[in-house]
Amino acid sequence: MSFELETARADAGNLRRVAIDPVSRVEGHGKVTLLIDDNDEIQQVRLHIVEFRGFEKFIQGRPYWEVPVMVQRLCGICPVSHHLAASKAFDHVVGAPVLTPTAAVVRRLMHYGQMLQSHALHFFHLSSPDLLFGFASDVGRRNIVGVAAAYPEIAKQGVLLRKYGQEVIRHTAGKRIHGTGAIPGGVNRSLTVDERDELLAGIDQMIAWSREAVVMVKRLHATDPVLYDDFGTFRSNLLSIVRDDGALDFYDGVLRARDADGGILLDGVEAKDYHQWIGEEVKPWSYMKFPFLKHLGTEAGWYKVGPLARVQNCDFIPSPLAEAERREFIDYGKGQLIHAPLAYHWARMIEMLYAAETIKTLLQTDDLLGGDLVREGAHQPEGVGIIEAPRGTLIHHYAVGDDDLVTMCNLIVSTTHNNQPMNEAVRRVARQYLNGRKLTEGLLNHIEVAIRAFDPCLSCATHALGKMPLQVVLQDRAGSELDRLEKTGAGEISGRRE
Amino acid sequence: MTTGTMLIDGVPVSFEYGQTIMEAAMAAKIFIPHLCHHPEFTPQGSCKLCTVKASGRYVSACTMSAKDGMEVENNTPDLNDKRRTLLQMLFVEGNHFCPSCEKSGNCMLQALAYELEMLSPRFEQFFPNRPVDASHPDFLLDFNRCILCELCVRASRDVDGKNVFALAGRGIHKHLIVNARSGQLADTDFSLQDRAAHVCPVGVILEKRKGFAVPIGQRQYDETPIGQQMDELAARSAKAEE
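From first to last, the protein sequence lines are chains Y and A. Residue 238 in my numbering sits at position 238 of the first sequence, and the numbers go up by one each step. Residue 184 in my numbering sits at position 184 of the second sequence, and the numbers go up by one each step.
Among the hints, erroneous ones may be present.
[Unchecked claim] Derived DSS-like pairs (lysine-lysine); straight-line CA-CA distance at most 30 Å:
1) Y:Lys175 <-> Y:Lys163
2) Y:Lys272 <-> A:Lys208
3) Y:Lys57 <-> A:Lys208
4) A:Lys53 <-> Y:Lys175
5) Y:Lys218 <-> Y:Lys57
Treat the hints as calculated values from the structure; they're not laboratory data.
Using the sequences and the hints, build the whole thing.
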């Protein structure tokens, strides 16, 4: 099926095509195309994912124990999520769905360290320049270096929060990026007393800075509520995992979905049953599939994932400071679910606080130092692992043959779940801000801001320092170039603008 | 016992007659890079990593006998540059994906690449199609990583008396095969107790379901470069490598 503005009407007349290519790296390159009529009205907007990665194919034929290490190379931002989702799937394959207490707490600590560092990276390094300086502010300082100059304390906190999360990962996985800590059925190491004490020494500061980050986002919302509530806002369903008792949980749980008004659409769905509820639609103009809830169909079944979904999908957050912030967030919605893309930042900072509080709790667990690391039982031919990655629900599904080689792999990554939502956000922003306007860098950045709110994978690779390259080309129907605007990786704008 | 003395990079090294340059260097704790050499097996000089300059000529240290008064160049920019080139050729000839290889950190090829500061791939990748053999219940053969050192061939033939492995084909088409009518490891009497199961310097012969069990930091070459592990390299003949 097709959504409003997804495909231009056949009677729309002469349409100009404007392409933003690449818009960012979303598991590779992404681009936005707009078709505009003679009255400068937007008739069609699409966010295309034009890269093809192929992991699902080349994992086939590899030994299963290699996959948790190999598959994490999908991503340089949240590899731990893939590492753990694959490990969870293979826990079932090796007959060890319940880990040893030490393995369980080491893995959970690894994941919460990942959530902390990824959320800090996204908010401070990638998004804070937009939020602190304005979407169309001087592009020369709209980057983390600009933030460091104008708000040195904020920039420092962002850098050190991320560093702390990476140290948690290093102590649990062996390396800050692309470690090997989780193996099918458990982990290959636990923490030493020195490692635990080193992390404990810094955690109270991380919790304090995370609280300050939540306060900062709340202040931004309060300063300009119209912008923050309306920018690219659209209504949709929500999906995430929650703990059995309804608590927010990033590492394990059951699938729950709500409709746009908060009503429960599904609940208590175990990971192994995901494919009974979640389908994937293929569209000819994008390599990225469009997931949907099967019982609602493609038109009504699409949903948001990630912080905004998780914080409103759970019944409570099992840590006191973050729970207090969640309540305030829910109250802001005045009884309605909050659907504003910019509210993702607020929810993300609440989650960062939850991650920091949870890390402290886990570090105080004796099991963290234990030596019983791996379990194995009767092998099974199939396994599904679901985890909440920083960007949303991540599903890994594998089948393994009698010879221990992988025969089937299905991955539904967070950015894929958010495919339709990101398209919707871009369409809203295009209509709100680009209709009838002359192209400028600042207007282009509005589209980037909407996409960035969802924290798509690999975004840091291109614009960690405000270096998201953009190219906009205005063509007539015959394909002749009428106008061109480019922003280089260094942030320089060039092209005709008369 | 008759002994002699040679110079390796200007350092006097004594040896017993009949020893190779490699054996004398090992005894003197001087590192000469190598892949196909193993103190337990007859030298064959195929990998050429141990190429040194002896009295002005390029020779394989593992096969050339030490001679009294011989002047050997070993750790020189010229030789290390040639060794680096050999490594770069080995890396592109197979499919060596260190980031997801379970042998990473325990692999001599990778350790030597670090030791000799191989920083770039240099040559075009061959990307050969080499399906794995997972037929055996306890072992996986990943031919993608084979460097044709023939250590498994020698171990299976000379120690195990089984002849499980052999090289077939010629030139660039040379490849490791399993001596069974089916070509499958499951149809041989290969076992965990075989010496050949524990001599692969890269990640071809792998015990199943053990990958990544050793954490980063505790692997063979995590802390100490291979060039400083002379005792470990020399001790390989004294114990079965687990």
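- Task: Sort out whether Y:Lys57 lies within 30 Å of Y:Lys218, counting only the CA atoms.
- Result: Roughly 44 Å separates the two Cα atoms, so the pair is violated.
- Query: Are the Cα positions of Y:Lys57 and A:Lys208 separated by 30 Å at most?
  - Reply: holds, 22 Å
- Task: Take a quick look at whether Y:Lys175 and Y:Lys163 sit within 30 Å of each other, Cα to Cα.
- Result: holds, 13 Å
- Task: Take the C-alpha atoms of Y:Lys272 and A:Lys208, compute the straight-line distance between them, and say whether it is at most 30 Å.
- Result: Holds, at about 26 Å.
- Within a Cα-Cα threshold of 30 Å, do A:Lys53 and Y:Lys175 meet the stated pairing? violated, 40 Å
In summary, the structure is inconsistent with hints 4, 5 from the numbered list given earlier, while agreeing with the others.
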